[in-house]
Amino acid sequence: MRIVDVLGMSVRNLYKRKMRTFLTLLGVMIGTASIILMISLGLATDAQFAQMMEDMNLDMTVITVWPQWGGMGWDPNTDSMVEFDERELTDESAERISRIPGVVVATPMMTSQMLFRTGPYFMAATVTGIRPEALALMGYNLEYGRFFTDDDEFAVVFSTRSELGFIDSTTDEFWSNRMWMDDPETLVDIHNDPIRAYYDMSWFWNRMGWGGGRGGGFGGDDDFGISIDEGFTPIRSFDINMIGVTTAPEFMWSSDRIYMHIEDLQTIERLRTEGERREREEREWNPHFSMVRDGDRQTYGEFFVRVRNMDDTRPVAEAIRDMGYRAHFDADWIEHQRRMNQGMETLLIVLAVVCLVLAAITIAITMITSVTERTSEIGLMKVIGATISDVRKLFLMESLFMGLLGGVVGIVLALGISFMMNNFEIAFLQNLNMGAPIMTTGAANASISLITPWLCGLALLIAGGVGLVGGYYPAWRATRLSALAAIRGE
Amino acid sequence: MADILFELTNVRKIYQMGAESVVALEDISLTFEKGKIYCLLGTSGSGKSTLLNLLAGLEKPTMGSIKFLGKPLEKLSEKQLTLYRQRYIGFVFQSYNLLPTLTALENVTLPLIFRKISKRKRTLAARKMLKAVGLGNRWRHKPNELSGGQQQRVSLARAFVNEPQVIFADEPTGNLDTKTTYEMMDLITGMARERNQTLIIVTHDTEISQYADQIISVRDGLIESVKTVEKEKNANESENKEHENEDNPATNDAVATDNNGNATTSE
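Just so you know, the protein sequences line up as chains V and Y, in that order. Using this note's numbering, you'd call the opening residue of the first sequence number 1 and step up by one each time. Using this note's numbering, you'd call the opening residue of the second sequence number 1 and step up by one each time.
Bound-form chain V, shown alone (with noise of 0.2 Å):
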């Protein structure tokens, strides 16, 4: 029989047995559908997440490096919890992970909260405390003046928005909203206007009603109005010296800290801890960025580590973590994130591939009922000439047709369904976002369902296999009907 045959007697077989064809073309329909809407909600989660990964800039080359607090905790390397011994960040330490093979640049930061001041503005600021040499290696590009050199005092290196930070002291304003606007209009201008930097923060934290009792301020020269509280530290504020401005690379994830000779926040640090300690008052300092006094010997809380490349960052993060650090690269979460997605994609998708063998179940029902009603049909047509694999060619095209066809509207079906769901808010279905929703802050004009033309060939594919698999079996019993049984059968 030629093909074109078998597919004309099929197609009028089908369309005798309208109702039939249509409920199971329903189920085929069904079962496509939503396998191609599983897949199109794992397509746009992905989706989502590639663009949340290039709009957060993440730089894969960096490890940030903790010390090890000790105790019981999660080994990221071995994915077990694990009682770990304390070990502290020290200049050593940097010295030892600077020798792992592939990493370039491993440097202690520590950061410091400051004031800053010009006339009635003020900021408060994140110090970050580097090593000059690292700046570059850490990716910092100059876009003003130079980077601080060993040979230079409390010089300091401004971001591209740092002077975005401040407000007007007389006014109630708590917080530099300038940061967020589109074109904001400064206040200061850190090139020329003379700004004095406090390490005292108290006046700051009177002024936000956090004091902790101490009265008095800061500020020799006090244009706050606050009285000074003599021989209360050696140093208490010092005029800056604005050398440069910095982009800040993409780990740092702020564009407005301020940089400083590492070694130059340790004195001040020192200088403050002193001070404080004069003045028998404790203050929460956060341990976990700042450093802390122990001696002579230097421990810090958090070292930066660049390595050649994205390669390199998973073998050098564990070989830290061997020596007994915490390290974390933005790599690991977002594998993290993608194993959550895959999870949740696998589950969706036994989901769909219940609702196709459904499908095919039901072709195979209808197809059976087909063979019996048939019976005699099938003997005369081995009778007059057919051979087995005509039979068999005219019940497998019925099924794969029925298959196919309940794959194009079911593609159809999943289309319409995916354009409603991206167009049309619909609450329980935004639910459905997977993988770190609260990010995708472009989700706007993000899909929630993705069909690319690769998945609907994909499901036209599996609906007509999914025919063939249901219409196997019947196929089977139609060759195997005795010709002359079903003869006399009628």
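Bear in mind the hints are in silico, worked out from the structure with no lab data behind them. As the structure is a prediction and not an experimental result, all values here were calculated from the model. The reader is advised that the hints may include incorrect statements.
Residues from chain Y that face chain V, not an exhaustive set, calculated with beta carbons under 8 Å [said to hold, decoys possible]:
| # | residue |
| --- | --- |
| 1 | Leu99 |
| 2 | Pro111 |
| 3 | Gln214 |
By construction, the Cβ of each residue, glycine as well, lies at the ideal position given by its N, Cα and C atoms.
With chain V held as given, fit chain Y onto it using these hints.
Then chain Y, alone, in the frame of chain V:
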């Protein structure tokens, strides 16, 4: 001597029904010649249908040999038997067995479809055939839009369309009224003779057997008698009947009974 189409030697057919064996054909040796019309006459259960099935290659003999144009059918594979039926055999059934989804024309083309004949060619052949059976203008109709007689004509056209060597007609008029029965028998025998094809009719109806050249009576799996019907007489009789009586069936019936009586008494 005419060409021998089928040659059966000591053919036995035994059906195994559970523990019991039923002998359908005892021991049959027969020859069928090309271009003749045969009738396998017998009551139901006599084995006549089994004989037809064996000849058509639908069943294999338990013992003995059936040769078609010198080739033993029992040695053919399933596929070869299918091809054998495709090429050499045409079938007419009691219940017409038309495919309800196909039009009359398409039903007629069915054997050609299985032979992979192109659509143009087979449509042409089928239309010619439908014209020959007198249904030239009803080719578009589906079987359920046709009367029993018309359906059997379609089935007739289907049997003849691939120009077979042999046509098997299994109780071809079983579902037809008397008048249509004669029309049908005239048509089928006429067409077979015209094309010099062998026609093997299976029936329990002695009347119908009169259309044959040779009547083979089957009883309890054995050939009871083989009787040659005289052609001239047959022709004359039918002519006479047509002229003398308005009620064809009645007279025919009488003649047939006579003949049958003769046959049995002679044994």
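Hint-by-hint comparison with the structure:
Using the Cβ-Cβ criterion of 8 Å, the hint placing leucine 99 of chain Y at the interface with chain V is satisfied: the shortest such distance is roughly 6 Å. Below 8 Å, beta-carbon pairs count as interface contacts, and proline 111 of chain Y has one with chain V at about 5 Å; its hint therefore holds. Checking glutamine 214 of chain Y against chain V: minimum C-beta separation of about 24 Å lies over 8 Å; hint violated.
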